[in-house]
Amino acid sequence: MTWNGWLQIALMFALVIATARPLGIYMAAVFEGRSTLLERALGPLEGRFYALSGIDPKREQDWLTYTIALLAFNAAGFVLLYAILRLQHLLPLNPQGFDPMSPHLAFNTAASFVSNTNWQSYGGESTLSYFSQMAGLTVQNFVSAATGFAVAIAIARAFARSSGSTLGNFWVDLTRATLYVLLPLSVLLALGLVALEMPQNLSAYIDASTLEGAKQTLAQGPVASQVAIKQLGTNGGGFFNVNAAHPYENPNAWTNLLQNWAIFSLSLALAVTFGRMIGREREGWALLSVMVLFLAVGAAVAYWAEASGNPLMHAMGIAGPNMEGKEVRFGPALSTVWAVFTTGASNGSVNAMHNSFMPLGGLVPLALMQIGEVVPGGVGSGLYGIVVLAILAMFVAGLMVGRTPEYLGKKLEARDVKMAVLAILVMPLFILGFSAVSAVLPVALAGLANPGARGLTEILYAYASASGNNGSAFAGLTANAPWWNTTLGIAMLACRFGIIVPVMAIAGSLVAKPKLAPSAGTFPTDGLLFVGLLAGVIVILSGLEYFPALALGPIVEHFQMLAGKTF
Amino acid sequence: MLPSSAAPLTVSDPRSIEPHRDGGRALRKRYKTAIADPALIRRGAADAVRKLNPNALVKNPVIFVTAVVSALVTVLFVRDLATGQPALFSGQIAAWLWFTVLFANFAEAIAEGRGRAQAETLRRAREETRAKLILMPGNNREIWEPVDAAQLRSGDTVLVEAGDTIPGDGEVIEGIASVNEAAITGESAPVIREAGGDRSAVTGGTTVLSDWIVVRITASQGSSFLDRMIALVEGAERQKTPNEIALNILLAGMTIIFLVAVVTLTGLGAYSGAAISVVVLVALFVTLIPTTIGGLLSAIGIAGMDRLLRFNVLTMSGRAVEAAGDVDTLLLDKTGTVTFGNRMATEIIPAQGISEREAAEAALLASLADETAEGRSIVALATEKYGLKPPTPEDARFFPFSATTRLSGVEIGGRRLRKGSIDAVLKFAGEAGGRPADEPAHFRAHVERIARAGGTPLGLVDGTRLVGVIHLKDVVKPEIKQRFAELRRMGIKTVMITGDNPITAAAIASEAGVADFVAEATPEDKLRYIRNEQAQGRLIAMCGDGTNDAPALAQADVGVAMQTGTQAAREAGNMVDLDSDPTKLIEVVEIGKQLLMTRGALTTFSIANDVAKYFAIIPALFVAALPELGALNVMGLTTPQSAILSAVIFNALIIAALIPLALRGVKYRPVGAGALLRRNLLVYGLGGMIVPFAGIKLIDILVSSLHLA
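The listed protein sequences correspond, in order, to chains E and F. Per this note's numbering, the first sequence starts with residue 1, numbered consecutively. Per this note's numbering, the second sequence starts with residue 1, numbered consecutively.
Bound-form chain E, shown alone (with noise of 0.2 angstroms):
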């Protein structure tokens, strides 16, 4: 550990703080329907949008239609995606020729960035056309990310309104989240990454003579672009295969620091939304800091575990921090610092392999995608988890103060309680459940790169990515093969829309029922004790739900490693 390490990490941390409020607020500006300045320029358009598809924007939908409407979107999303995936080699801007994607992966693929988890079974460059890439997965990482958008608005909206019925207008919500934030964004930062050296063409690939007169193929392609919006939407589907650790998906330090910030802004300004459409900023400074706390011990625990380097090296005589997999021009703080950022915030690009981690190094990344991808987690669906997981804190917390339950002025009955449980439910399940089989199955076991412990990591990692919607992989599972590809595609869609589901059925519940006025017997939930509360909930919640697994994968072989057994 070095005190420049520190500094890094503590940089990082500033700069997406910083930007939280002022982005936060031009969000809720946005999705309030108040006028921006932006709004002046593209207004006409997003009018001509409405008017094309036959949508009255001033229509606002109950929560049933709402969901539906978002439901046969993204149903629609996922049927074009796979026939592109299927037929891409009958589609143009195929200049190396790609063959189709096979079904399986097809299948994973497209599950993969509907659910805006852009898990990758396969090499971009070597597996995708330039217009898959384009029209197939761009198309998904900007309308995936606001869906998430669409969710989380129509919750902070039903706590806003007072015995309301419609939380909005899911086609406006969309479109607004796409026009106002998703794509201006992706433009600025496209084009400052390309200003910083990162590659922006059509071209076909260079092959180039090295040095030692090997022959090597250097990939192109349209990379700005593509991982602007990755970045942002908090996708992380790489243009490459080895993703933000390839030298032009992240060139330098700089564009490090860019994609760093791109991961989280949108999910914890999100936060700031949430509390300035609710009328009380501060309850979402509130959830912002929990958001942080979580991250901040993650990444203190995991640049500790590789900057401490491995005891059995230090035995051998070599010195120094825990380099395997590492790009040395980011090191051990920037390494973990993007390994803590992207499972945090549910987008799942990568700068390092987590798989070359220490033990508790490595635990950490999985750690915060078994909370539930909530801190921040994904673009908006970090902020509809939240705030469920809020829910459930505060019903036992509300019970405790002798009240019915109640948070943010609307009392959690029956009905709440019960969609806010199963949307806690599905992920465990899904992880656990699917963990569990693999471990006993030879054609999935067949996928791992190491045996012991640090294969069952392996497998845990693999389903909480899919799971949790972060896509982060933690390489040596080689999961391009039929049994991986289709549990790991059905854990990505039930996860993602077996939660938005109950989760628009709380927002429903909610915005039916009349606002409270907090008095003194009302629990405060802007206070330190609610931000304690509820990072108490969430740690304790998902170290009861996996504990036993964690202590079979990283935790022993962490003793292992100290008791000098690696694999």
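Hints listed in this document are in silico derivations from the structure and should not be mistaken for laboratory results. Positions of the beta carbon are idealized from the N, C-alpha and C atoms, including for glycine. Each statement offered as a hint is correct.
One side of the interface only, derived from the structure: several residues of chain F facing chain E at Cβ under 8 angstroms:
hint, residue
1, Ala246
2, Gly325
3, Gln594
4, Arg599
5, Tyr614
6, Ile618
7, Glu628
8, Arg678
Keeping the supplied structure of chain E fixed, place chain F upon it in accordance with the hints.
Chain F alone, transformed into the frame defined by chain E:
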């Protein structure tokens, strides 16, 4: 049977109907059957076994699941026995799992048992009653035929005479009688019931002591007050309250999560080379699921109703008890709640040139024959404060209060003493002197000061001479201020409703420390105030007794009707206070909060317990296959088997240990929500994490020293 020894009182004594502050002592004493009562425990134990009936168990998902897996382990134990494998371990696990279920059943049985004795007494009162059914209602009440009370229908009219038990709930349509309501209220002092007005409601099971009444039955059998009371104390009709349902869902959800965590452990364990037996998996599962709160949940609910009943408040639904805990605003009638109800003399101010003693004497004489509460308070003030002795006036001519002169007084030894409103007194002095009397400036100053303080000035005149002013005051009850302060700390706004003018109301409000008041209030004002508060998202509680309170009682979220009130009021409210003590709303609110807090605290405790259980069982499960996991055995438990057994034993015993807390309830402190939560999180959250570490370790020492595992 119940005590009903009070002698009949004459109907004309109005004091006998004042509410009694020590009301319900008899009932409360009956309820003081401690948890340690051996008879109750015996019965509870028997009921605990009876409650193993799957139909009963299935109502409680957590305990039902525990019972199912207990049965599974029992089968495995029998298999072990039959195949000659070591069965000590599985046998012990099976036994303790069953104990877990039994302790939960026992908790519920004890909670129910406390109400059952009373229910039996009540039921006897109902079954033995005969009624005199009037055959020609409206004509001749003397023509009746004896029928069983059970045969009465709503609309029948019955005659009830001295010594009879009133056969059903109804309304007095003719006559007046003193009634002993001890069977319902536990209060032996009789009350007056008469046709018309606010005291016309009678309750089945109560006894007429003197005179007679004709009652029209308003509730058919099975839905009467007594029936509801029996159902309530027995807990038979107990429906789950909204918060309880929500909590049950959360607990069921937790159970499913742990089911997933435990079942998937077979696969993950197999990968790691650890073969885990079903018995051990079941043990892990049961210790993880929230059996503590699951087992005590219904006992907590029953005990909450029971606590209310011990406070002599009868709820029509558990929903109302929970709502009481949420109340934001409390509407209280001034009279009888905030003040004693009668204005009392607190001060006698002499006019200029008259000594204090002289004025006091004049006031005493003028009030000698005044039997009103005000008059008696003047006599009391004069004798106590000024040491005067009430003379035995001879040749005195008393003038009782008349509505035309608005004066009362006495003429004695040539003195013409009068007291009354200031206008009337000035008029009297003027007439005596042949012209309207001037109101001296100092006199006016006294009068205005009293009026500003919310009091009523009473003039005192002797012929043409103004003697002084008596300060009549609505005296605020001494203890009420403190109670209002307590309510404020609970976050509840108190609002005083009064018919007084705004000045008087404001003065009393500020003296009593209520947050707001409604002066010159009509029933419509009350209703409007409630609706207005509700529209702002607040929950309102109020109490009332009159028929014109009924709409407001029905509109309020918690409406407490007085037992002495009308049938209409009693039906409109969702609680009935058997002591007819309006300040009791405060206790009702506290009990409601206690109920919710106890559930929340035990849920937190139950879940926090799991941390220690993981540290006991996880290393025990895998230490054979992965010896490095022994590092997680932070408690240093002796063997894997003793670790698992100890965790299961702890899990069962903690239910039994917490039964008293479940029945008593977590103490509510009016310190604000934040402080309350911090405290409860510390005690039940942090405490819940630490206690099992110590407990499991202790049991492990015992288990291993006894060589049980």
